[in-house]
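Kindly produce the complete structure, drawing on both the sequences and the hints.
Using the numbering used here, read the sequence shown as starting at 1 and increasing by one per residue.
Because the hints were derived from the structure by calculation, they are not lab data.
Predicted, not measured: the structure shown is a model, and the values here were computed from it.
All C-beta atoms, glycine included, are put in the ideal place defined by N, C-alpha and C.
Incorrect hints may appear among the rest.
[Unchecked claim] Each pair of labels, with its calculated beta carbon distance range:
#1 L439 to V102: 25 to 33 Å
#2 F195 to L88: 18 to 26 Å
#3 F416 to Y437: 51 to 59 Å
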Amino acid sequence: MAGGRRGPNRTSYCRNPLCETGAAGSAGHSTSSSVTSVRSRTRSGSGTGLSSPPLATQTVIPLRHCKIPELPVERSILFELQLFFCHLIALFVHYINIYKTVWWYPPSHPPSHTSLNFHLIDFNVLAVTTIILARRLIGAIVKEVKEASHTGKVSLPRSIFLVVARFAVLTGTGWSLCRSIIHLFRTHSLLNLLFLCYPFGMYVPFLQLNCDFRKTGLFSHVANIGPRDTGEAGSKGKDYLSVLKETWKQHTRQMYSTEAMPTHACCLSPDLIRNEVEYLKMDFNWRMKEVLVSSMLSAYYVAFVPVWFVKSTQYYDKRWSCELFLLVSISTSVILMQHLLPARYCDLLHKAAAHLGCWQKVDPALCSNVLQHQWTEECTWPQGVLVKHSKNVYKAVGHYNVAVPSDVSHFRFHFFFSKPLRVLNILILLEGAVIFYQLYSLIASEKWHQTISLALILFSNYYAFFKLLRDRLVLGKAYSYAASRESDQKLN
1 MAGGRRGPNR
11 TSYCRNPLCE
21 TGAAGSAGHS
31 TSSSVTSVRS
41 RTRSGSGTGL
51 SSPPLATQTV
61 IPLRHCKIPE
71 LPVERSILFE
81 LQLFFCHLIA
91 LFVHYINIYK
101 TVWWYPPSHP
111 PSHTSLNFHL
121 IDFNVLAVTT
131 IILARRLIGA
141 IVKEVKEASH
151 TGKVSLPRSI
161 FLVVARFAVL
171 TGTGWSLCRS
181 IIHLFRTHSL
191 LNLLFLCYPF
201 GMYVPFLQLN
211 CDFRKTGLFS
221 HVANIGPRDT
231 GEAGSKGKDY
241 LSVLKETWKQ
251 HTRQMYSTEA
261 MPTHACCLSP
271 DLIRNEVEYL
281 KMDFNWRMKE
291 VLVSSMLSAY
301 YVAFVPVWFV
311 KSTQYYDKRW
321 SCELFLLVSI
331 STSVILMQHL
341 LPARYCDLLH
351 KAAAHLGCWQ
361 KVDPALCSNV
371 LQHQWTEECT
381 WPQGVLVKHS
391 KNVYKAVGHY
401 NVAVPSDVSH
411 FRFHFFFSKP
421 LRVLNILILL
431 EGAVIFYQLY
441 SLIASEKWHQ
451 TISLALILFS
461 NYYAFFKLLR
471 DRLVLGKAYS
481 YAASRESDQK
491 LN
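In structure tokens, the structure reads:
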């Protein structure tokens, strides 16, 4: 009908989204296949509920990242001192559980003048356990002394004092460890010594898993990581000593280096965004491995090692030892994650997830009459677009969508970090559940040693819970203010 409104069965011409030369910082990326002369098969009575308008009518809104306030971060040596103090408390209460006495009885029934059977305690095992629990604190002290001696001009007396302090810490630790191990070799069987050193046999293979040691540094700039570099890890075999050396090097760099915190490139090139996400995934996985290994190692030496070296005639509460293992492992994991995943780092992951985007798989039968495009890796796809990839149909979810639709790791990355407070909320719920369980156990406990143990462990969890709540309140206000401001700008 002349002059009338055209129906939906018209031919619409689409252009590549953000792929022109010089668009959005991707001048070096040119498309190989253009989406042109695409016939829109959308019918007004389809009833599928899905719609994919032409790309020419859509625009990708530039991302505006929220600026969060600078929250106080503890120095490495103070954090390690706090963590070591928590482990010492847990080790002390476990020794109370094992070597407790009925000290309130009269001296004649039975004869006991102290609250613990100190003559039954193997102090060599205690010394080795304490040194292993203090390994992170010793490393932090040595690195602090080393950095203090290399910063600026240091006077001669101060430099001598730093060198002597470093030598005293290393010498005292090494001498105590060697002396205790020699005595353990003389008094215990080989099976007991293997049980004592068992975690270190699993430590290196676990950290070596999926780590790429071909690179000169794990925390190099994101531009140095190629798009397919991360899939070539472990292509060249190495002997055990070289693996041990590289693992310890990466471990110490991750835990104590000031350059451990990555930065956000905030680029719009799809290839660089995916490379940045691969780099951040590798960094995040390494931090999670450190949390898991350190927490299990601490819980192992706090809960299991003292029990293994107990004499067969000594009675102890096995259920409480297993419960202490779980409490120490969960509490250590939360404290380490709070330190290794600070607010600035979680905000960095959130920014990368916002640039990456996400795809939702849809049923091809529900979108047979909807405009679909062939996915290409050079393009930035706007929200709501339907694409074909690997014989499946996906719908763009984020504002920016450069993720590979069939890549599950990209979907997981966007799921965990698309909301900036998700990781912090998980930590708060986990720590709150631990505190609630400890309070319930404290109320229900009838034995004096369990009451003392739970009361002492609760104090360390209270401090960690306080810092988590403080960060949650401050960041919640910051992100809510940014979201309200953005919504007001859209309305205006």
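Original post:
Looking back at the numbered hints, which does the structure fail to meet, lowest number first?
Top reply: 3
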